[in-house]
Amino acid sequence: MQVTMTVNGEEVTRDIEPRLLLIHFVRDHLGLTGTHWGCDTSNCGTCVLWMDGEPVKSCTVLAAMAGGRTIRTVEDLERGGELDPIQQGFMQCHGLQCGFCTPGMMMTARWLLDNDPDPADADIREAISGQFCRCTGYENVVRAIRWAAEHPDGQGSGEAVEPGAADDSAAPGDTASEEVSA
Amino acid sequence: MTTIESPDAAPEAPLSDAGNPIGFGRMLRKEDARFLRGKGNYIDDIQLPGMLHAAILRSPYAHARINSIDTSAAEAHPKVKAVITGAVLEGLNLAWMPTLSQDVQAVLATDKVRFQGQEVAFVVAEDRYAARDALELIDVDYEPLDPVVDARRALDEGAPVIRDDIEGKADNHIFDWEAGDTASCDQVFADAEVVVTQDMIYPRSHPAPLETCGSVAHMDPVTGKLTAWITSQAPHAHRTVYALVAGLPEHKIQVISPDIGGGFGNKVPIYPGYVLAVVGSIVTKKPVKWVEDRSENLMTTGFARDYHMRGQFAATRDGKMLGLRVDVIADHGAFNGTAQPTKFPAGFFNIFTGSYDLQAAHCKVTGVYTNKAPGGVAYACSFRITEAVYLVERMVDCLAAELDMDPAELRQRNLLRPDQFPYTTHTGWEYDSGDYPRALQLALDVAGYDELRREQAERRDRGELMGIGLSFFTEGVGAGPRKHMDILGLGMADGCELRVHPTGKAVVRLSVQTQGQGHETTYAQIVSSQLGIPPEDIEVVHGDTDQTPFGLGTYGSRSTPVSGAAAAVVARRVRDKARVITAAALECDPSDLEWELGRWQVKGDPTHGKTIQEVALLAHSSLELPEGVEGHLDASAVYNPPNLTYPFGAYICVVDVDPGTGQVKVRRFVAVDDCGPRINPMIVEGQIHGGLADGVGMALMQAIAFDEDGNCLGGSFMDYLLPTSMECPTWELGETVTPSPHHPLGCKGVGESATVGSPAAVVNAVMDALKPFGVRHADMPLTPAQVWLAMQGRPVRTDLAIT
Numbered sequence: 001m002q003v004t005m006t007v008n009g010e011e012v013t014r015d016i017e018p019r020l021l022l023i024h025f026v027r028d029h030l031g032l033t034g035t036h037w038g039c040d041t042s043n044c045g046t047c048v049l050w051m052d053g054e055p056v057k058s059c060t061v062l063a064a065m066a067g068g069r070t071i072r073t074v075e076d077l078e079r080g081g082e083l084d085p086i087q088q089g090f091m092q093c094h095g096l097q098c099g100f101c102t103p104g105m106m107m108t109a110r111w112l113l114d115n116d117p118d119p120a121d122a123d124i125r126e127a128i129s130g131q132f133c134r135c136t137g138y139e140n141v142v143r144a145i146r147w148a149a150e151h152p153d154g155q156g157s158g159e160a161v162e163p164g165a166a167d168d169s170a171a172p173g174d175t176a177s178e179e180v181s182a
Numbered sequence: 001m002t003t004i005e006s007p008d009a010a011p012e013a014p015l016s017d018a019g020n021p022i023g024f025g026r027m028l029r030k031e032d033a034r035f036l037r038g039k040g041n042y043i044d045d046i047q048l049p050g051m052l053h054a055a056i057l058r059s060p061y062a063h064a065r066i067n068s069i070d071t072s073a074a075e076a077h078p079k080v081k082a083v084i085t086g087a088v089l090e091g092l093n094l095a096w097m098p099t100l101s102q103d104v105q106a107v108l109a110t111d112k113v114r115f116q117g118q119e120v121a122f123v124v125a126e127d128r129y130a131a132r133d134a135l136e137l138i139d140v141d142y143e144p145l146d147p148v149v150d151a152r153r154a155l156d157e158g159a160p161v162i163r164d165d166i167e168g169k170a171d172n173h174i175f176d177w178e179a180g181d182t183a184s185c186d187q188v189f190a191d192a193e194v195v196v197t198q199d200m201i202y203p204r205s206h207p208a209p210l211e212t213c214g215s216v217a218h219m220d221p222v223t224g225k226l227t228a229w230i231t232s233q234a235p236h237a238h239r240t241v242y243a244l245v246a247g248l249p250e251h252k253i254q255v256i257s258p259d260i261g262g263g264f265g266n267k268v269p270i271y272p273g274y275v276l277a278v279v280g281s282i283v284t285k286k287p288v289k290w291v292e293d294r295s296e297n298l299m300t301t302g303f304a305r306d307y308h309m310r311g312q313f314a315a316t317r318d319g320k321m322l323g324l325r326v327d328v329i330a331d332h333g334a335f336n337g338t339a340q341p342t343k344f345p346a347g348f349f350n351i352f353t354g355s356y357d358l359q360a361a362h363c364k365v366t367g368v369y370t371n372k373a374p375g376g377v378a379y380a381c382s383f384r385i386t387e388a389v390y391l392v393e394r395m396v397d398c399l400a401a402e403l404d405m406d407p408a409e410l411r412q413r414n415l416l417r418p419d420q421f422p423y424t425t426h427t428g429w430e431y432d433s434g435d436y437p438r439a440l441q442l443a444l445d446v447a448g449y450d451e452l453r454r455e456q457a458e459r460r461d462r463g464e465l466m467g468i469g470l471s472f473f474t475e476g477v478g479a480g481p482r483k484h485m486d487i488l489g490l491g492m493a494d495g496c497e498l499r500v501h502p503t504g505k506a507v508v509r510l511s512v513q514t515q516g517q518g519h520e521t522t523y524a525q526i527v528s529s530q531l532g533i534p535p536e537d538i539e540v541v542h543g544d545t546d547q548t549p550f551g552l553g554t555y556g557s558r559s560t561p562v563s564g565a566a567a568a569v570v571a572r573r574v575r576d577k578a579r580v581i582t583a584a585a586l587e588c589d590p591s592d593l594e595w596e597l598g599r600w601q602v603k604g605d606p607t608h609g610k611t612i613q614e615v616a617l618l619a620h621s622s623l624e625l626p627e628g629v630e631g632h633l634d635a636s637a638v639y640n641p642p643n644l645t646y647p648f649g650a651y652i653c654v655v656d657v658d659p660g661t662g663q664v665k666v667r668r669f670v671a672v673d674d675c676g677p678r679i680n681p682m683i684v685e686g687q688i689h690g691g692l693a694d695g696v697g698m699a700l701m702q703a704i705a706f707d708e709d710g711n712c713l714g715g716s717f718m719d720y721l722l723p724t725s726m727e728c729p730t731w732e733l734g735e736t737v738t739p740s741p742h743h744p745l746g747c748k749g750v751g752e753s754a755t756v757g758s759p760a761a762v763v764n765a766v767m768d769a770l771k772p773f774g775v776r777h778a779d780m781p782l783t784p785a786q787v788w789l790a791m792q793g794r795p796v797r798t799d800l801a802i803t
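If you read the protein sequences in the order shown, they are chains A and B.
Under the numbering used here, the residue at position 128 of the first sequence is numbered 128, and the numbers go up by one with no gaps.
Under the numbering used here, the residue at position 135 of the second sequence is numbered 135, and the numbers go up by one with no gaps.
Think of the hints as simulated: they come from the structure by calculation, not from any bench.
What you are looking at is a predicted structure, and each value in this text was computed from that prediction instead of being measured.
Accuracy of the hints is not assured; some may be wrong.
What the hints assert, rightly or not - Simulated DEER-style distance windows between Cβ atoms:
#1 A:Pro18 to B:Asp111: 34 to 44 Å
#2 B:Glu455 to A:Thr41: 35 to 45 Å
#3 B:Met718 to A:Thr4: 25 to 35 Å
#4 A:Glu126 to B:Leu713: 24 to 34 Å
#5 A:Ala122 to B:Leu713: 28 to 38 Å
#6 B:Gly604 to A:Arg79: 55 to 65 Å
#7 A:Arg79 to B:Gly489: 27 to 37 Å
#8 B:Ala785 to A:Glu126: 45 to 55 Å
Stated by the list, open to error - Over 10 Å on every C-beta distance to chain B, these chain A residues come out as not near it, computed from the model:
#9 Thr46
#10 Thr60
#11 Val61
#12 Gly67
#13 Ile128
Note that CB positions come from ideal geometry on N, CA and C, so glycine has one too.
Assemble the whole structure, with the sequences as input and the hints as a guide.
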């Protein structure tokens, strides 16, 4: 069958099997490998992307169901060479280690801040509670999203964040109140 | 923060023009740039021209004889390119492969299947959906056999013999292994005023990295070169094993470990799927991709733990610990595939005396086969130190309960003192350094321990169940030395190469491979700390056997202790060479020069000197060099660690238990870690955070149980529960710094510390909460059901299905 949808602002049309999953469509057919597959059962959330502005777990959505809809993936977060504040926050707060859950986490986080620009930590935890991270223990993911909430324009310099451009406000130092002298 | 200055790393490194520390300190990660943009390159992201896709048919039975396999319908599928069975592999002498523990494992089953999910056939097709379709077309005639499920009954008279492939094998026994001295231990126990005995299970769990295992194999039919992209924590070891297994010439094998979506030990072993992808490529003359689904990952790849332990503590009535002994039944599954140094069939479990000053200790471990997936050493366990720490720290709490003594006080009284280091344990480990009482006291202070106990008393009066749990751990990480430790005969020492280009930019090549630990940043900082080259000017190359020196890889928290040391050594060699070159340029004697970070200069006259960047250009120039000094600025090293490093820590967990449902809520978690100087504190804290979440998960949620037919009950994320943001509290970290005396930078490995140390703290907290019910122990995971049963005095075995 033929399916047409808008992906990251571009209309795409492909011949597909009706049973093709959306995750495999974006990865294998469009080459957008930033969205990952992790579990098949909608538990891990590494496959989260947006469909018509809402985060969905694309391992349990058929590509055919996305026909006529608008898809946004992690590759679309960076705009005009500038990282989204969410991306900057994840870097500043060490919100990622292996990076595998990160695209899904960031897509949920972007949606959260679009709908609630100043969420409490409990709201942030609730928002990402359908997604696993095996590396970070979640604390720095929460901090990363909070950083983005506190920096809606990012670092504001208009420059992409690069290693070294450390923002002291996020320094862990993060743990300043928790790190203890002996 | 306490900072004990290490010899080479100034605590406050100067900043480069880019704002990075020239040396140790918080630095944002280099690797993040690609991950944040969705530009990582994980195994399933790899696409090659003409690439085919593979899938594995797996056994539905835990134990069954294979009467026949009919693949004709699958072969007739229009998109199928090859169907490979055990019979095909037998013809190639590839049906069995060696494990990392001197056993063999079936690549594809020939005679029997021995665990549910075992590999039976391999299909290569044009796309991943067609490969799965074809699996359905294979007809296998199985004759079910009685399975061995309960490890404690594996050695029973008349138990089904799992490994009848081994000539003369008449039981399910694998090994007996002992450490310590029985006689002295017996004497201590005979004389002791108090002896506490407790049975406990460290149930089977699984590291469950978010990315499953997989491989893309490409055997070039023209050049005969095999390129294999593999989710491997140890690419060099994998290459050597492929050469040995498949008889391929090692110089014609390139193993590339691309970005890895989490490892935690799951990606150390060599799995049948990796070998089959190679065979598939040889057969089809095309690149072949094989990637597990989640159930395959959870049901068939390296699991962790599965230790059935009986611990006994001897002590005086007033709380002096005297002796500890433990008997273990170790469930290794159907093939003994544990990944640990050869001389240590139970890993480093014999470090079970922990952090305490004892008079005697003894352990005996018996390994058995069961009809379960192979594995056992995985999941950030530091070669079974996880099990050892859990055992001793649970036993300490059991002893405290017996003596009616505060568990913090009991620990503080019996911890090794700083003046006892280096300390040799009764089972032979030489702890290199430590200040244990200070770390424990810091944790108690951060937690506000006395206040917590007061609050607990008040809550108990109101019928509320609040628990406070402690754990103190000593880790031993950074294997070798090579004379004591090897994997399949390969000594555990790791190479490193460093080259400074003419313009002063450097490339460092490592044998180890990151799975999220941030090596591209940390190793640049190590080299930077020794040479003064900004870390942004240092490129880290790893994960490709054609591009890096040989070494054993990343697991057991060995990267910083071994390869980190290797990187420091090569950088110092480059620095020494730079001194000679500077002296030649300045026409002085090398001994007249002194090192100021990034620069050799004349003693007493700092205006005369050369920066490392200037030296790099001189090294490649026409400058006349002294006799015997070669041009260019590079060095290599193989680092053979003289001993393990011994990080340690004190953890305190506070929980609230719902008396109606048994649900446990982790309210607080305080973790004081001492891993020596921290190269990048941000990364170290991230490593600790992740391990603490593991501890909460294992203690409360994660276990892979089996029913009486050997069906795996943890085969999906709907059944095998992992902690989310809702189960994890905000971690409260503290730090002490006790440098390792033998590591060039004083650093100790930290990647697994929190996974090793935290489960006992959580369980101790829950058992503390349940104290009013008079229950002393219940096995992990402490699910609401298990806690509810424990409150009624009847906790169950968590490794078996509740029937």
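How the hints compare with the structure:
1. A:Pro18 to B:Asp111: 34 to 44 Å: 41 Å, holds
2. B:Glu455 to A:Thr41: 35 to 45 Å: 40 Å, holds
3. B:Met718 to A:Thr4: 25 to 35 Å: The hinted range 25 to 35 Å holds for methionine 718 of chain B and threonine 4 of chain A, with Cβ atoms some 34 Å apart.
4. A:Glu126 to B:Leu713: 24 to 34 Å: Because 29 Å falls inside the window, the suggested range holds.
5. A:Ala122 to B:Leu713: 28 to 38 Å: With Cβ atoms ~33 Å apart, the hint holds.
6. B:Gly604 to A:Arg79: 55 to 65 Å: For glycine 604 of chain B and arginine 79 of chain A the Cβ distance comes to about 56 Å; the hint holds.
7. A:Arg79 to B:Gly489: 27 to 37 Å: 54 Å, violated
8. B:Ala785 to A:Glu126: 45 to 55 Å: Hint violated: Cβ distance 25 Å, outside 45 to 55 Å.
9. Thr46: Label violated. Min Cβ-Cβ 6 Å, cutoff 10 Å.
10. Thr60: At about 12 Å from chain B, threonine 60 of chain A clears the 10 Å cut-off, so the statement holds.
11. Val61: Holds, since 16 Å exceeds 10 Å.
12. Gly67: Glycine 67 of chain A clear of chain B: closest Cβ-Cβ about 19 Å, beyond 10 Å.
13. Ile128: 5 Å, violated
In terms of the numbered hints stated before, the structure departs from hints 7, 8, 9 and 13, listed from lowest to highest.
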